[in-house]
Amino acid sequence: MKKNYNYTRRKLFLPEYGRHIHEMIDSLMEIEDRRERNRQARAVIAVMGNLNPLLRDTADFTHKLWDHLFIMSDFQLDVDSPYPRPTRQDLTVTPRRMAYSQGRIAYKHYGKYVERMIRSLGEERNPQAVARTVDNLARYMRTKSYEYNQEHPNNEVIVRDIKRMSGGTIEIDENAINNLRSDYKQHFSARPQKGAQPGRQNHPQQRQQKNRGTQQHRSFAKNNGQHRNSSK
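For the sequence shown, the positions run 1 to 232 when the UniProt record's numbering is used.
It should be emphasised that the hints constitute simulated quantities derived from the structure, not laboratory data. Some hints here could point you the wrong way.
Claimed, not checked - For lysine-lysine, the following DSS-like pairs were computed, each having C-alpha atoms within a straight-line distance of at most 27 Å:
| # | residue 1 | residue 2 |
| --- | --- | --- |
| 1 | Lys-144 | Lys-108 |
| 2 | Lys-2 | Lys-64 |
| 3 | Lys-64 | Lys-144 |
| 4 | Lys-144 | Lys-163 |
| 5 | Lys-112 | Lys-64 |
| 6 | Lys-64 | Lys-108 |
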């Protein structure tokens, strides 16, 4: 008995429909009567629609079924379709290249919004607002630079990047960035340690009383255990 495996058969054009649908379409092309061929083609379309009942509510569902019918016949089936027949060239047309909305980002590790904000600060007339915003941006730029390079950046690099992105309109002092670093360290050093309760302090006298109570409890448990052993 000769076995017929799928890998020895021809390749399916649309495997999601299965081999039986492909064989039904092959049998359509053998029908000589055009009227009967059209009737059987509509029956095959109905079977194909039953395989995907959840997609029946879509607007172009029937149109897709007829397109798939011609594709699975390798564009050889000659039936009357209510829609324009697809061609092989329609499937091989290269799509138009999509144009990106943004241009080239010079400093990718900072992001495009940092560059836009610094560029817009050059038009700001309030020097205090510019100073506050630049301080926050410099702190953010240090963080992103560390994440990208895995090392703390030099302050000269931050100052140079801000000047370049602003077109030379914004100049920041390197000492200002050092002040930002010191304020940042003071902020985190002032935070309570993990496990510490706010509003309570562990004084030395309290720790001594706690240790003394623990030692008394251990000695009582030890003496009690010795007394039980001696009684046995």
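- Message: Next pair to validate is Lys-2 with Lys-64; report whether the Cα-Cα distance is within 27 Å.
- Response: The hint is violated at about 38 Å.
- Query: Within a Cα-Cα threshold of 27 Å, do Lys-144 and Lys-163 meet the stated pairing?
  - Reply: holds, 17 Å
- Item | Pairwise hint evaluation, Lys-108 against Lys-144, where the allowed Cα distance is 27 Å at most | Cα-Cα ~10 Å, so holds.
- Message: For Lys-64 and Lys-108, compute the direct alpha-carbon distance and say whether it is at most 27 Å.
- Response: Answer violated: Lys-64 to Lys-108 is near 43 Å, above 27 Å.
- Does the alpha-carbon distance linking Lys-112 and Lys-64 stay inside the 27 Å limit? Roughly 41 Å between the alpha carbons, so the hint for Lys-112 and Lys-64 is violated.
- Would the pair Lys-64 and Lys-144 pass a check requiring their Cα atoms to be no farther apart than 27 Å? violated, 48 Å
Figure legend: structure checked against the earlier numbered hints; hints not met, in rising order: 2, 3, 5 and 6.
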